[in-house]
Amino acid sequence: MKRYQFLLQKFAWALFTILFVLVLNFFLFRVLPGDPARAGVRDPRLTKAAQEALRVRFGLDKPVINCFETLNPLRLGDCWVNPLETQFFIYLGNLLSGDLGTSYHTNRPVAAILAERLGNTVLLVGLGTVLSIVIGIALGVVAAWRARTLIDYAALVGSLVAWSLPTFWLGIILLLWGSTQFGLPLGGKATPGLAFASPLEAWWDTGRHLLLPTLTYTIIFVAEYVLIMRSTMLDILAEDYILTAKAKGLTTFQILKDHALRNAALPIVTIVALNLGFTVAGAIQIESVFSWPGLGLATYEAIVRRDYPLLQGAFLLLAISVIFANLFADLLYSFLDPRVQTG
Amino acid sequence: MKAPILEVRDLRKLFPVGPAQGWGGARPLVRAVDGVSFALERGEVLALAGESGCGKSTLALTLMGLEAADAGAIWFDGQDVTQARGAALKTLRRHVQMVFQDPYESLNPMMTIGEIVAEPLVVHGLAGTAPERQTRVLKALEEAGLKPADHFAGRRPHELSGGQRQRVVIAAALVLEPSVLLADEPVSMLDVSIRAEILNLLSDLRERRGISVLFITHDLSTVAYFADRIAVMYLGRIVEIGPTRAVLRAPQHPYTRALLSVVPVPNPRLRRERVILQGETPNPVRIPPGCRFHPRCPVVTERCRSVDPALTPAADLGHAAACLLLDQA
Ligand SMILES: Nc1ncnc2c1ncn2[C@@H]1O[C@H](COP(=O)(O)OP(=O)(O)OP(=O)(O)O)[C@@H](O)[C@H]1O
Ligand SMILES: [Mg+2]
Numbered sequence: 000m001k002r003y004q005f006l007l008q009k010f011a012w013a014l015f016t017i018l019f020v021l022v023l024n025f026f027l028f029r030v031l032p033g034d035p036a037r038a039g040v041r042d043p044r045l046t047k048a049a050q051e052a053l054r055v056r057f058g059l060d061k062p063v064i065n066c067f068e069t070l071n072p073l074r075l076g077d078c079w080v081n082p083l084e085t086q087f088f089i090y091l092g093n094l095l096s097g098d099l100g101t102s103y104h105t106n107r108p109v110a111a112i113l114a115e116r117l118g119n120t121v122l123l124v125g126l127g128t129v130l131s132i133v134i135g136i137a138l139g140v141v142a143a144w145r146a147r148t149l150i151d152y153a154a155l156v157g158s159l160v161a162w163s164l165p166t167f168w169l170g171i172i173l174l175l176w177g178s179t180q181f182g183l184p185l186g187g188k189a190t191p192g193l194a195f196a197s198p199l200e201a202w203w204d205t206g207r208h209l210l211l212p213t214l215t216y217t218i219i220f221v222a223e224y225v226l227i228m229r230s231t232m233l234d235i236l237a238e239d240y241i242l243t244a245k246a247k248g249l250t251t252f253q254i255l256k257d258h259a260l261r262n263a264a265l266p267i268v269t270i271v272a273l274n275l276g277f278t279v280a281g282a283i284q285i286e287s288v289f290s291w292p293g294l295g296l297a298t299y300e301a302i303v304r305r306d307y308p309l310l311q312g313a314f315l316l317l318a319i320s321v322i323f324a325n326l327f328a329d330l331l332y333s334f335l336d337p338r339v340q341t342g
Numbered sequence: 000m001k002a003p004i005l006e007v008r009d010l011r012k013l014f015p016v017g018p019a020q021g022w023g024g025a026r027p028l029v030r031a032v033d034g035v036s037f038a039l040e041r042g043e044v045l046a047l048a049g050e051s052g053c054g055k056s057t058l059a060l061t062l063m064g065l066e067a068a069d070a071g072a073i074w075f076d077g078q079d080v081t082q083a084r085g086a087a088l089k090t091l092r093r094h095v096q097m098v099f100q101d102p103y104e105s106l107n108p109m110m111t112i113g114e115i116v117a118e119p120l121v122v123h124g125l126a127g128t129a130p131e132r133q134t135r136v137l138k139a140l141e142e143a144g145l146k147p148a149d150h151f152a153g154r155r156p157h158e159l160s161g162g163q164r165q166r167v168v169i170a171a172a173l174v175l176e177p178s179v180l181l182a183d184e185p186v187s188m189l190d191v192s193i194r195a196e197i198l199n200l201l202s203d204l205r206e207r208r209g210i211s212v213l214f215i216t217h218d219l220s221t222v223a224y225f226a227d228r229i230a231v232m233y234l235g236r237i238v239e240i241g242p243t244r245a246v247l248r249a250p251q252h253p254y255t256r257a258l259l260s261v262v263p264v265p266n267p268r269l270r271r272e273r274v275i276l277q278g279e280t281p282n283p284v285r286i287p288p289g290c291r292f293h294p295r296c297p298v299v300t301e302r303c304r305s306v307d308p309a310l311t312p313a314a315d316l317g318h319a320a321a322c323l324l325l326d327q328a
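Sequences listed follow chains W and S, in order.
Taking numbering that gives the first Met the number 0, the leading residue of the first sequence gets 0, the next gets one more, and so forth.
Taking numbering that gives the first Met the number 0, the leading residue of the second sequence gets 0, the next gets one more, and so forth.
Here chain S stands alone, though its shape is the one from the complex (with noise of 0.2 Å):
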């Protein structure tokens, strides 16, 4: 088997927020990603949910060395990118493309389409004359699922929906041909009508050219029926990942559960008990001692309140979960 294609290892980023603690003192941390590791296989797709504040965008920009991570590792392609600067970057964001959320803001309102789209071939020099860089350009559209391309190519972000724009800025990652794309809760701004067709689109892509995608989500209804593996974060760490399939029909951490039963099932005698999680959302400034789960937890122990729980394997293959009582199971 071959090594994954990324891989993170306890990664940690802070970030200083509000106001020194006294005269010279420091200021606070956010712990936005606090040791994270999980691996990204070839051709996968992973979905990583989590309520929203919990690292995910955080993470997603550290993986692409848009944050410096403060602690851990990241390996692509079995290198440590990790302190990666000047061609080694320039190298990575050739291979580890992004989406972001929304179209409306990632691109550039004065550009036109046709540009935008050519933009990474001219910084990377890939297509050296115009005729070819026009021929990858349209190439790239049409995968978007933007036809015919030449229609779309001069026009400029403000004549298209949002759908097209998010088209857009696939096809602007896709033109470089990455192994992997990050893509940062793609469809939440998209009407339910499209979410479909871009996840659709997403799909089609992994198939045909054996995109890795690493799939941000708060929502896990979306993904279910796309990803290979579901990763749940908690508070800037993951605290369950496991095969889709395993981790809905048997979900191990609390929280998951939590998640997944606010998620609509079409059939009524399989709806599960809605759990509402008690206490106040999560503060990434000031962690709980112990599992960090456990102030909301409808199953806590005195163990949680001291004890860390590490992500441990669980009945199925691949399937592991953060939790203390997993053991007991």
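Next up, chain W with everything else stripped away, as it sits in the complex (with noise of 0.2 Å):
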């Protein structure tokens, strides 16, 4: 009963806050400067009459919203247009429709790129994570049930110096090395123009354009499973119940296993689910050095490109990625941890 008041509760907090991404996402990206046609200025070959075609196909002739013709404060609009011819209106429209409009850039939809670039960044990045998650915790215990000792200290400063690795200064070593030792691909996610006999060897090729970026990514990030892991083990092994568990005759394996893993996940799973929001957004350094076709990379892309369609769906994915990661968090929480009845 109280439990689904909090499930109830929980959501609704997440529907208001992605309203609210949403109406700041529009407004952000009206108030920067540049659009297609005035980016288009610079070209001496686009004609009066082509740049106001351009306004018009991206719809930026209407005005932002009632009362205002831009979000310049100084110069208001008129205040009697219909709601629902004005950019405010016909963004949110669209987006129910799941049109998040068209990439400056390529012409293509944002949604349809958005899509594409997301299923090669949930590639890296999920296999990096599991990856991490699963050495990261490995290690932290073994640390913890070692604690002081000379494999403690290996994982501890092994940790911190992976940790503090500038992310692309990694990327770059590794390619070289991965490269020129063992012949890796230097980028990209297929070898261009080549065709493939069968399945298995498109497999086989995107996963030797997978290795060096995964295992970057792994670097990286496993340095905070291990931290974590460790200082939780180590707070759950000074618990009493751990010495209980030993009075009562348990072996080393089955405290770890029954009585320690079981508290350290609690931590454990909260920080994977944050973290999986950030999935979205975590790997543009990498993406960027592999040029690994995945969202990161498209970002990066978009910004250099002032592609503002694509980039405010990539906003609004990435916002929404961590909304929802947030509360997933909370309901695992709530049910894994039985104390836990309700916020």
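Calculated directly from the structure, the hints in this document are not laboratory data.
Please note that a few of the clues may not be correct.
Said to hold, decoys possible - Taking lysine-lysine and the DSS-like style, the derived pairs with C-alpha atoms no more than 30 Å apart in a straight line are:
no. : chain 1 : residue 1 : chain 2 : residue 2
1   : W       : K256      : S       : K138
2   : S       : K89       : S       : K1
3   : S       : K146      : W       : K245
4   : S       : K89       : W       : K256
5   : W       : K256      : W       : K245
Taking the hints as your guide, dock the two standalone chains into a single complex.
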């Protein structure tokens, strides 16, 4: 009963936050200078008529919202226009029908671009996350169980070093090393101009491209899990119920498995759930170094090219995934921890 | 007469603490347990009293094999278990169980009460089938005073009060049907009203099951009415031991007298003069030479500074104290 209420409340908050993000996202990109037409002004070949055509094509000829022609507060516009004819409500209406606009740069629908890129990012970041969680948790548990021994110090120092490495630097080093020593591809997702005889060969090719970016991602993110797991486990191992378990005759392995890990799952799961939200954005640097055609690279390119519709779509996706990750973490927590009844 | 169920001879436990003394030097040692000898008889409740930090918990942990003894011997049921490892240690832990001070900390918050009480049975392979296990769990819960037991089995620790939790801890210890229970201040975290209930429960169990209980406390008033004997510990050593009545009536060690003088007495005419101990709280790293109590002793003599007294029998049978003044008394 109470849990039901708690769920509803959390859902309501998430929806409210998303609405807020929608509005903010819209106005944020209207305040920024530059639209395709004005960007085009620098191109002397573009005629006035062509510029106007561009503006119409992207809907930039309409007022932003009632009373505002643009978001310039000094130049107010007509307040009596039909709200449905303003950019804001057209934007909302389009969103509802799943239309995120058209990319300035490629003229393709933003939704299609994002969907395609999202798949690639999930592949890279998903693999990296799973690897870093598995390795991180294993190392963290061992380090905590063997606290203040050589193993512990090695894991600790290694993690801290890995954590403080600049992502792009590590990426470049691994790229150099992998491509010269092992002939791994320099970037991209597939070898260009190659036709594959079977899906298996295609996967093999993708795997070879995926190897170095995944390795980079894992090295950068494993440290966080090692450190968190280690400190969580140290806390738990100092608890009286661990001593009680020992007194009851449980073996080391049983204690770790049945008592320590079960309690450590709570913070770890929460952090994983929260991190998943940043999956989408998490790999901007790595994707840039390895030209991996994911969302991070798309965002980076959109910024460089001032492709606002694409950027706006990417931001929205990012915000929504963070909000949902938060929601997910909350829900998971309430199911995992018997002590959490309500928020 | 049968041999004691648990016997300890000259037990020592040292902890290195702090930084080493200079390069390659040894780290200073805390003498948490510094030569303790006593015997726990079958079916007896022995209260172990002493101020905070005197080594009571360390003694219990060492008896359980949760800390390795640095010297001395522990005998359980006629066998030397000081160096018990592996299977022998596991067997020992089936027969010697411990109840910790804080019922809020000693239960795994993620497990149900039923799981917690069943776990020892599973670990020791004592109840083959699930229904058999269930029966024993419910029986242990009822015996610990949690009725109706099936009502509690599905709950988790946070849904219980402190007193109920401590009953769960006791049930989880009893389900193995141990012969010795080490209770480390089992009521000090509980409300006064609940203390009596838990103490009654322990004394019941002793009557019905004949369990031997080592009852650790820093408060002599809680145990006076149910302990058979009292041992008083000071700075890692037992300084007085004897039948409860004898120790309470005629305390032989000045430290015991000081402890007893601050215990409230119902009859104001019997009120003793309070002995407030002088000097600093003892430092177990640097134990004073001679009698370890001499810097705080109100009746200290010159001999006390150089001679370390051993436990010496006093007038009553089975009563002994480690004080040089005992001879003259
Ligand atoms: N693991 C340890 N490492 C270092 N020193 C320790 C350790 N455990 C106990 N000590 C020290 O040993 C001494 C005895 O501690 P112990 O916990 O046995 O006292 P206690 O009599 O149980 O006190 P209390 O009544 O407060 O529970 C203390 O000085 C304590 O600081
Ligand atoms: Mg203690």
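How the hints compare with the structure:
With a C-alpha separation of about 28 Å, the suggested pairing of W/K256 with S/K138 holds against the 30 Å cut-off. With a C-alpha separation of about 24 Å, the suggested pair S/K89 and S/K1 falls inside the 30 Å cut-off, and the hint holds. The hinted pair formed by S/K146 and W/K245 meets the criterion: a straight-line CA distance of about 28 Å does not exceed 30 Å. Proposed proximity of S/K89 and W/K256 is supported: the alpha carbons are some 18 Å apart, at most 30 Å.
With a C-alpha separation of about 13 Å, the suggested pairing of W/K256 with W/K245 holds against the 30 Å cut-off.
The structure agrees with every numbered hint stated previously.
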